[in-house]
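Student: So you can see what is in the structure, the chains are spelled out below.
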Amino acid sequence: MNSGITIIAPQGRLDAAGAPPLEAELKQHIDAGDVRLVVTLEHTRYISSNGLRALLAAQRLAQTRGGALKLCCLSPRLAEIFEMSGFNSVFEIFENAEQAVKSFGELGG
Amino acid sequence: MADLFSLTVSSRLEHLGEISDFIEQAARASGLNDSQVYDVQMAVDEACANVVEHAYHGRSDGTIDIVCETRGKNFVVTIQDFGERFNPKKIAPPKTRDPLSKRNIGGLGMFFMRKMMDRVEFDFSSKHGNRLTMLKKIKK
Chain A
1 MNSGITIIAP QGRLDAAGAP PLEAELKQHI DAGDVRLVVT LEHTRYISSN
51 GLRALLAAQR LAQTRGGALK LCCLSPRLAE IFEMSGFNSV FEIFENAEQA
101 VKSFGELGG
Chain Z
1 MADLFSLTVS SRLEHLGEIS DFIEQAARAS GLNDSQVYDV QMAVDEACAN
51 VVEHAYHGRS DGTIDIVCET RGKNFVVTIQ DFGERFNPKK IAPPKTRDPL
101 SKRNIGGLGM FFMRKMMDRV EFDFSSKHGN RLTMLKKIKK
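Chains as they are written, first to last, in the working numbering: chain A, 1 to 109; chain Z, 1 to 140.
Any given hint could turn out to be false.
To be verified - Derived DEER-like restraints, expressed as beta-carbon distance ranges:
#, chain 1, residue 1, chain 2, residue 2, range
1, Z, Asp3, A, Lys27, 44 to 54 angstroms
2, A, Ala79, Z, Pro88, 34 to 44 angstroms
3, A, Gly33, Z, Lys73, 32 to 42 angstroms
4, A, Gln11, Z, Asp34, 46 to 56 angstroms
5, Z, Arg71, A, Gly33, 34 to 44 angstroms
6, A, Gly33, Z, Ala29, 47 to 57 angstroms
7, Z, Thr8, A, Gln11, 34 to 44 angstroms
8, Z, Ser60, A, Ala24, 39 to 49 angstroms
Please keep in mind that the hints were generated in silico from the structure rather than gathered at the bench.
In this text, a Cβ means the ideal position worked out from N, Cα and C, and glycines have one as well.
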C-alpha cells in the first residue's frame with residue numbers, strides 16, 4: 001500500500017458513458033496500491049445511477065485492500081442524489097478536498 | 001398550444017449529453033423551474049441508458065425517439081425504441097438503506113425515474129415497440 005492519498009477530479013457528466021472511464025481509472029489506481037482515494041465532485045455537474053455504481057465498485061475494491069474512497073465538493077443537487085439513494089451512507093463525504101485528505105491521517109491509516 | 005419537441009438519435013450512450021441538452025430546452029420552454037428541469041433530465045437520462053443497455057443490449061444501430069410536449073399543466077416525455085420488450089415488473093427496487101456489503105444496486109435507474117417524475121408508464125406493442133411515457137406536473 002502506498003502512503004500517499006490520490007485525488008481524482010472527474011469532469012462533466014458521470015452518466016452511463018462517463019462512468020466506465022472513471023471506474024477504470026479508479027481501479028487502475030487501486031491495483032497499483034493507491035488505495036486511499038479522494039474523489040472531488042467539484043467539476044461533476046451530473047451523476048446517474050451508473051456513476052454511483054462506479055464509485056461503489058471502487059469503494060468496495062479499495063476497502064478490500066485496506067483503503068477507502070472518500071468524496072468531497074458535492075453540489076446541493078448531487079448531495080440530494082446521494083441522500084435520496086442512500087449512497088451518502090456508503091461514503092464519507094467532506095466539504096472540501098483538504099478535509100477529506102486530513103481525515104485519512106486522523107484515522108491513522 | 002405549446003410546441004412539440006422531438007429528437008431521434010441512435011442507441012449510443014455518447015448521445016446522452018445531447019439528449020440532456022434537448023430535454024433542458026424543451027422543459028424550459030414548457031415553464032418548468034430549474035429543479036424540475038433537472039428532475040426530468042435525470043429521469044430521461046436513466047431511461048435512455050436503460051434503452052441502450054437492456055432493449056438494444058449495447059448495440060448502436062437502434063433508434064431512440066423522444067418527444068416532449070406540454071399537456072395542460074403537465075410536461076410529458078415519450079421515449080420509444082424498437083429493441084427487446086421491456087418488462088418493468090422484472091426490475092426489483094433497490095434497497096437504499098442496506099449496508100454496503102449487502103447492497104444490490106440493480107433497479108437504481110428505475111428508482112430515480114419514479115422519484116423524479118409524477119407518473120411513469122411502460123407500454124409495448126409489436127407496432128410501436130417499447131413506449132415509455134413520463135409526466136411531470138408543472139409547478140410555478
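Student: Starting from the hint 46 to 56 angstroms, judge whether the C-beta atoms of Gln11 (chain A) and Asp34 (chain Z) obey it.
Tutor: Violated - the Cβ-Cβ distance for Gln11 (chain A) and Asp34 (chain Z), about 21 angstroms, lies outside 46 to 56 angstroms.
Student: Between Arg71 (chain Z) and Gly33 (chain A), does the beta-carbon spacing fit 34 to 44 angstroms?
Tutor: violated, 56 angstroms
Student: Within 32 to 42 angstroms or not, the Cβ separation of Gly33 (chain A) and Lys73 (chain Z)?
Tutor: About 56 angstroms separates the Cβ atoms of Gly33 (chain A) and Lys73 (chain Z), which means 32 to 42 angstroms is violated.
Student: Just tell me: holds or violated, for the beta carbon distance of Ser60 (chain Z) and Ala24 (chain A) against 39 to 49 angstroms?
Tutor: Since Ser60 (chain Z) and Ala24 (chain A) have Cβ atoms about 20 angstroms apart, the given range 39 to 49 angstroms is violated.
Student: Starting from the range 47 to 57 angstroms, see whether the pair Gly33 (chain A) and Ala29 (chain Z) falls in it by beta-carbon distance.
Tutor: Cβ of Gly33 (chain A) to Cβ of Ala29 (chain Z): about 51 angstroms, so the range 47 to 57 angstroms holds.
Student: Is 34 to 44 angstroms a correct range for the gap between the Cβ atoms of Thr8 (chain Z) and Gln11 (chain A)?
Tutor: The hint (34 to 44 angstroms, Cβ to Cβ) is violated, given that Thr8 (chain Z) and Gln11 (chain A) are roughly 28 angstroms apart.
Student: Do the Cβ positions of Ala79 (chain A) and Pro88 (chain Z) conform to the proposed distance bound of 34 to 44 angstroms?
Tutor: The hint (34 to 44 angstroms, Cβ to Cβ) is violated, given that Ala79 (chain A) and Pro88 (chain Z) are roughly 28 angstroms apart.
Student: Cβ-Cβ distance between Asp3 (chain Z) and Lys27 (chain A): within 44 to 54 angstroms?
Tutor: Because 45 angstroms falls inside the window, the suggested range holds.
Hints 2, 3, 4, 5, 7, 8 from the earlier list are contradicted by this structure; the remaining hints agree with it.
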